[in-house]
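Participant: Here are the chains, one letter per residue:
2 protein chains.
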Amino acid sequence: MYEKQILLIPGPTMIPPRVLRAMAAPSMGHRSEKFSQIIKEVSENLKKIFQTKNDVYILTSSGSGAMEASVVNFINPQDKVIVLVNGKFGDRYAKINERVGAEVIRLDFEPGVPADPEKVREILAQDTNKEIKAVFVQQNETSTGILNDIKAIKEAMGDHPALLIVDSISGMAVADFPVDEWGADVVVAGSQKAFMIPPGLAFITVSEKAWKVNEQCRSFNFYFDLRAAKKNLAKNTTPYTPATSLIIGLKESIDILLEEGLENIFRKQLKYKEMVREAVKAMGLELLVQDEKYASPAITAIKVPENIAWKDLNNLLVNEFNVMLAGGQDELKGKIFRIGHIGYVHEMDLVVAIAALEMALYKLGYPVELGTGVKACQEVILKYKEVN
Amino acid sequence: MYEKQILLIPGPTMIPPRVLRAMAAPSMGHRSEKFSQIIKEVSENLKKIFQTKNDVYILTSSGSGAMEASVVNFINPQDKVIVLVNGKFGDRYAKINERVGAEVIRLDFEPGVPADPEKVREILAQDTNKEIKAVFVQQNETSTGILNDIKAIKEAMGDHPALLIVDSISGMAVADFPVDEWGADVVVAGSQKAFMIPPGLAFITVSEKAWKVNEQCRSFNFYFDLRAAKKNLAKNTTPYTPATSLIIGLKESIDILLEEGLENIFRKQLKYKEMVREAVKAMGLELLVQDEKYASPAITAIKVPENIAWKDLNNLLVNEFNVMLAGGQDELKGKIFRIGHIGYVHEMDLVVAIAALEMALYKLGYPVELGTGVKACQEVILKYKEVN
Chain A
42 MYEKQILLIP GPTMIPPRVL RAMAAPSMGH RSEKFSQIIK EVSENLKKIF QTKNDVYILT
102 SSGSGAMEAS VVNFINPQDK VIVLVNGKFG DRYAKINERV GAEVIRLDFE PGVPADPEKV
162 REILAQDTNK EIKAVFVQQN ETSTGILNDI KAIKEAMGDH PALLIVDSIS GMAVADFPVD
222 EWGADVVVAG SQKAFMIPPG LAFITVSEKA WKVNEQCRSF NFYFDLRAAK KNLAKNTTPY
282 TPATSLIIGL KESIDILLEE GLENIFRKQL KYKEMVREAV KAMGLELLVQ DEKYASPAIT
342 AIKVPENIAW KDLNNLLVNE FNVMLAGGQD ELKGKIFRIG HIGYVHEMDL VVAIAALEMA
402 LYKLGYPVEL GTGVKACQEV ILKYKEVN
Chain B
42 MYEKQILLIP GPTMIPPRVL RAMAAPSMGH RSEKFSQIIK EVSENLKKIF QTKNDVYILT
102 SSGSGAMEAS VVNFINPQDK VIVLVNGKFG DRYAKINERV GAEVIRLDFE PGVPADPEKV
162 REILAQDTNK EIKAVFVQQN ETSTGILNDI KAIKEAMGDH PALLIVDSIS GMAVADFPVD
222 EWGADVVVAG SQKAFMIPPG LAFITVSEKA WKVNEQCRSF NFYFDLRAAK KNLAKNTTPY
282 TPATSLIIGL KESIDILLEE GLENIFRKQL KYKEMVREAV KAMGLELLVQ DEKYASPAIT
342 AIKVPENIAW KDLNNLLVNE FNVMLAGGQD ELKGKIFRIG HIGYVHEMDL VVAIAALEMA
402 LYKLGYPVEL GTGVKACQEV ILKYKEVN
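Protein chains in written order, with my numbering: chain A, 42 to 429; chain B, 42 to 429.
Treat the hints with care, since some could be wrong.
Unchecked claim - Simulated pairs of lysine-lysine, PhoX-like, Cα-Cα distance not exceeding 25 Å: (1) LYS272/B with LYS376/A; (2) LYS272/B with LYS271/A; (3) LYS276/B with LYS376/A; (4) LYS334/A with LYS352/A; (5) LYS129/B with LYS276/A.
What the hints assert, rightly or not - Facing chain A, according to a computed beta carbon distance under 8 Å, are these residues of chain B, among others: (6) TYR264; (7) SER286; (8) ASN305; (9) PRO408.
To be clear, the hints were calculated from the coordinates, so they are not data collected in a lab. Think of the CB as a built atom: it goes at the ideal place given N, C-alpha and C, for glycine as much as any other residue.
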């Protein structure tokens, strides 16, 4: 049964069989010529996906490790930083900065509300001595399904010298993010999201401007020291033994992404977002993110209806219908649940998930007419086929 | 061809088909009940392999990440530490400690010579104010194939309160290391060695005494903060998304290790060491580690014969005979090569490697009579069969 599970959490996502087969190959020496060729090819292709001319380094860690790398290589104790927080991962950026000893100017936004670029503009305008070293933000906040407007945030920063450091772990290859064009300095992504491979790899790119800042940084960290990553990538290798099987899977999954084409992927993700949002509305459920423009194309958060416990709903979904969605995190636990429509997801997987959700809600006494959510999905699918 | 390669580097090692199949399973939610059950089972089994009653935490990183964790959770800037160095990884422990800002008392030993417990005794005896916080050492130094005597080092520490922190990345499940009985405080291991799974996971255990030291530690690190690992393992989970597919592989590989039994594995590893050492001697080559007692059961380092270039030898081994051994590292580059006899290795794989080595040396004009090394291997195999 488990083998047919529809896994729609915001990572780890489902994995294409082609990638699973690639990863099942026998072990390969990580310092061999063959493996160096793979590192070279994958790194070049990652630049295409990040839309950057700068190196993209591969770290063997989960995304949080790359988030730490994006802090500790640029921020010294006592440095001032702005952290935009609209969920758990914004909060994590604040915590990592505090761990380093930075002075954190934390801008909190209500769950489901995007980060306001005007707030950034105001604070930077007051910073006449240019003491603020960086602005940290999630492109896509996984915990709430908010897509922040990175381009607008960069524009709001004007000519202030602070670095723009972006966690795009669940945003990269889902929503357009031309890193160089928009002027982001450091951007991180992770393997178990749109890259469709298991967790264990993270990716990070660094602008020339950020490398200059790095020269002044006394990092206490060893494993996430990006200078070592840079030095080794120039030789098509990594400073420490990398997760070889995951990198072999990554080579395959990036091929799949590039064959599909970024533009097509972004369009597909908008379709998925629309399918889920329309289905949710048709079923009479409430979306956490009201403003369509800022609704994530990767993850949709839905309020748990009154008188229904997420625990009961989840049990039915998993045990009766073999569909796994995600609950809320931290203070949103029990209040929302999330459908991840990211990674190796086919439109029919979402139809299955919505059909299962309808049945589970129905069994719990929620007033839903079976088929209404599915119908909304079908209408979106057909609309996109016509436009094409 | 690649699929039939005999990979005898000291990690990543070859992977049992049973583990490859397990890892090729569809993706699984890392916060699901099923995955928590796996974390629980694997963690309990890791305690058996570490021979400890304390928790063993699973980190998503390569071994160097766990080495960093074994430093930054216990050592503050300006703390005094002893680092025993008999190769590249001892040097790495010194570098990580320096990065943290510790005052490193570095004890270097010649390549191929074990760390001398008496040196530790001397230095600790002079430390009347008990300022030295820890002694760092490799159980098995991968770069030279030295097996240090951890038990003797602990005994030499006497009642000095310093922690004993051991990198057993290439030693765990190869040579006996009863962690609690020998009194090691912090011990790290890695996935791509005797655990026979791809790189990307590391393991670390912490004694009660070390947890007390941790309370006084102001770590700058976030991802490798073991307090978060401890808090989460109590709930059968991890603080950040773990490398799920590797953990599923680990469950399978630990089952294989426990089915075989630690005692049998240690005996097998001694046989492999003897096979390789006897073959090397029979072929007239020179071993880096002279003293049998301190020769690693995981890796054997061999001096590159005069008038032969490792690069040429390696090219023949890889391209003509499909056998991959490892070269020397850092200042031993070109001077030694290493046979890794760790992980999923069968005795006949070593016969193949020795036969290939004979032929490659022969082709390079080295005076070896074909079959002499192989014969020595065969004699060891038969001797062990008789004793059994």
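Participant: Classify the hint on SER286/B as holds or violated, based on whether any CB of chain A lies nearer than 8 Å to its CB.
Facilitator: Where the cut-off is 8 Å and the nearest Cβ of chain A is about 4 Å from SER286/B, the hint holds.
Participant: PRO408/B was flagged as interface toward chain A. Is the shortest Cβ-Cβ separation under 8 Å?
Facilitator: Where the cut-off is 8 Å and the nearest Cβ of chain A is about 29 Å from PRO408/B, the hint is violated.
Participant: Taking the least C-beta to C-beta distance, is ASN305/B closer than 8 Å to chain A?
Facilitator: Cβ of ASN305/B sits 23 Å from chain A, so the hint is violated.
Participant: Is LYS272/B close enough to LYS376/A, meaning Cα to Cα at most 25 Å?
Facilitator: Holds, at roughly 24 Å.
Participant: Are LYS272/B and LYS271/A close enough, with their CA atoms no more than 25 Å apart?
Facilitator: Distance of about 34 Å is beyond 25 Å: violated.
Participant: Given the hint that LYS276/B pairs with LYS376/A, does the C-alpha gap stay at or below 25 Å?
Facilitator: Given that 25 Å is the threshold and the Cα spacing comes to 22 Å, the pair holds.
Participant: Below or equal to 25 Å on CA atoms is what counts here, so check LYS129/B against LYS276/A.
Facilitator: With Cα atoms ~19 Å apart, LYS129/B and LYS276/A stay inside 25 Å; holds.
Participant: Do the numbers back the hint for TYR264/B, that is, is its least Cβ distance to chain A under 8 Å?
Facilitator: holds, 5 Å
Participant: Could you grab the alpha-carbon distance between LYS334/A and LYS352/A and see if it respects the 25 Å cut-off?
Facilitator: violated, 30 Å
Consistency note: the structure conflicts with the earlier hints numbered 2, 4, 8, 9.
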